[in-house]
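Student: For the sequence shown, position 34 (counting from the first letter as 1) is numbered 424 according to our numbering, and the numbering increases by one without interruption.
Just so you know, the hints here were simulated from the structure itself, not pulled from any lab data.
Treat each hint with caution, since some may be false.
[What the hints assert, rightly or not] Beta-carbon label-pair distances, calculated as ranges:
| # | residue 1 | residue 2 | range |
| --- | --- | --- | --- |
| 1 | GLN427 | LYS402 | 21 to 27 Å |
| 2 | VAL420 | ILE400 | 20 to 26 Å |
| 3 | GLN427 | VAL407 | 39 to 45 Å |
| 4 | LEU422 | LEU401 | 32 to 38 Å |
| 5 | PRO399 | TYR429 | 23 to 29 Å |
| 6 | SER403 | PHE425 | 29 to 35 Å |
| 7 | PHE424 | ILE400 | 40 to 46 Å |
| 8 | TYR429 | LYS397 | 40 to 46 Å |
| 9 | SER421 | LEU401 | 40 to 46 Å |
| 10 | LEU401 | PHE425 | 44 to 50 Å |
All C-beta atoms, glycine included, are put in the ideal place defined by N, C-alpha and C.
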Amino acid sequence: MEELEEKSPILKSWRNVYALVIGVLVAVIVSLYFFTQHYK
Numbered sequence: 391m392e393e394l395e396e397k398s399p400i401l402k403s404w405r406n407v408y409a410l411v412i413g414v415l416v417a418v419i420v421s422l423y424f425f426t427q428h429y430k
């Protein structure tokens, strides 16, 4: 089974795009957590 990997328009591969998206989501979750802890 051959896997055709399209080139991502933004980064060199889709794996990098997914890693970036996950990293951004984690950063948002962590920052919101500290924000809510600060204003309790």
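Student: When the structure is checked against the list of hints, which entries are broken? Sort them ascending.
Tutor: 1, 3, 4, 5, 7, 9 and 10
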